[in-house]
Structure formats: structure tokens, C-alpha cells
Amino acid sequence: DSGVTQTPKHLITATGQRVTLRCSPRSGDLSVYWYQQSLDQGLQFLIQYYNGEERAKGNILERFSAQQFPDLHSELNLSSLELGDSALYFCASSDRDRSPNYGYTFGSGTRLTVV
Amino acid sequence: AQSVAQPEDQVNVAEGNPLTVKCTYSVSGNPYLFWYVQYPNRGLQFLLKYITGDNLVKGSYGFEAEFNKSQTSFHLKKPSALVSDSALYFCAVRDGSRGDSNYQLIWGAGTKLIIKP
Chain X
1 DSGVTQTPKH LITATGQRVT LRCSPRSGDL SVYWYQQSLD QGLQFLIQYY NGEERAKGNI
61 LERFSAQQFP DLHSELNLSS LELGDSALYF CASSDRDRSP NYGYTFGSGT RLTVV
Chain W
116 AQSVAQPEDQ VNVAEGNPLT VKCTYSVSGN PYLFWYVQYP NRGLQFLLKY ITGDNLVKGS
176 YGFEAEFNKS QTSFHLKKPS ALVSDSALYF CAVRDGSRGD SNYQLIWGAG TKLIIKP
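Going down the list, the sequences are from chains X and W. If you use my numbering, the first sequence corresponds to residues 1 to 115, in order. If you use my numbering, the second sequence corresponds to residues 116 to 232, in order.
Simulated from the structure, these hints should not be mistaken for lab results. Keep in mind the model is a prediction, meaning the values are calculated, not measured. The beta carbon of each residue, even a glycine, is placed where N, CA and C say it ideally should be. Every clue listed holds true.
The calculated DSS-like cross-link candidates involving lysine-lysine, where the alpha carbons are at most 30 Å apart (straight line), are: (1) W/K137 / X/K57; (2) W/K227 / X/K57; (3) X/K9 / W/K227; (4) X/K9 / W/K164.
Now the stretches of chain W that chain X is said to cover, found in silico as 3 or more residues with beta-carbon under 8 Å: (5) 153–164; (6) 221–230.
Take these sequences, add in the hints, and give me the full structure.
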């Protein structure tokens, strides 16, 4: 157990629908990062939050949005889903002040299948 | 701009042979370098890191990596490959001279390592 919890583990939904993916970071970590990984592909950075505020944006579609709550958990909202949105969505957390020499701690991901 | 290159999409090695997975980087400040491994349908797991000190870094599962500043490389190595080492390997870098809350890792595209019995 990495300490980063993602739910649900699997999600199957139809095109046009909206889903919410949830991430609880490692205890005390202030930063949360969301990544998309398509089949056998690399990591596509979507967005970063730090202590409730958006800090960096990557290749995130306008149909996607995210937020980080006061308890530091984060949600990634995907709407108007298309077949091409099918992918593994990873959450990672880190905290510069606590462990600046370490990278990220990843969750086990949510596998989204759009049918 | 910061960047990471993993020049090989796939590396094939026979079990028992040494393996190398290549990584080169570009950062403007001090490089903090990382290797992560991803097994099928799993999240990424930290393998090892270079922050400062000895150029040869030892990590989990018998892996090691050598930091070469002049060649801006951080190749992952293992003296004797196991079939269970077959996985996707990612190299990442951050600029260690930046200490702000925008702390981000820059990722390579990943290299699929296949170890054949």
C-alpha cells in the first residue's frame, strides 16, 4: 500500500456521460498530481494542486476539471466522455517540505472504459 | 526547458544477462533524477534516485543507476536480469535548484523491458 488511495479501481461508462475519480493523498502530502495513461503509453500530466490551489496545468481537456478539498483529497471530473478517454488515470502526491528528495507516491490508478 | 529522453521504446534481454535502460536529461539547474517501474495494471513504484553524492546509486530489486554529468545521462542497470523484471520503466527529472510549490517531475516516455527466459 503506497498510502495514496484512488477510487474506484475500475469504471465502465457510456459515451457522453460524466464521472468523478477520487484520490486521497499520502497522509500530510500537500501536492496532488493527476496523470492520464493510455494503453502502452507514457504519462500525460493533467493538473497539479497544492494545498487546495491549482498550481500547474498540463494537457487537460476543457471537458475535464479537478479540485482539491480542505482535507487535501482531490477529485477529477470527466464529462461528455468519448471513447478516446478510455485510459488509466493516476493520482500521485508529494510534499516538498517533508520529503524534497523523494519523487512522487502513486496510487494504483482508476481504469476508465468508455463504451 | 527541462526534458527527459528515453531513446528506446523497448529493450529485450535474455534472463541472466546484464541490462541497461537509457535515460538522458536536460535541466538548467541541479538535476534530481529518478527511476520508476510500472508493472501491468499497476501504479508506478519508486526504484531509485540521484540527488547528490556518489554517481552510482543503488535501488530496489538489485537495480542501480549511474549519474554522468558530462553526458547528462542516468542509465538504469542490473547485472543479471530476471524474467520478473519485465515491466515499463520511467525516468524522471526535476530541477533541484527550484524549491517552490510548483515542484514537478518531468517524465520520459517510458521503456518497455522484456526479459526472455
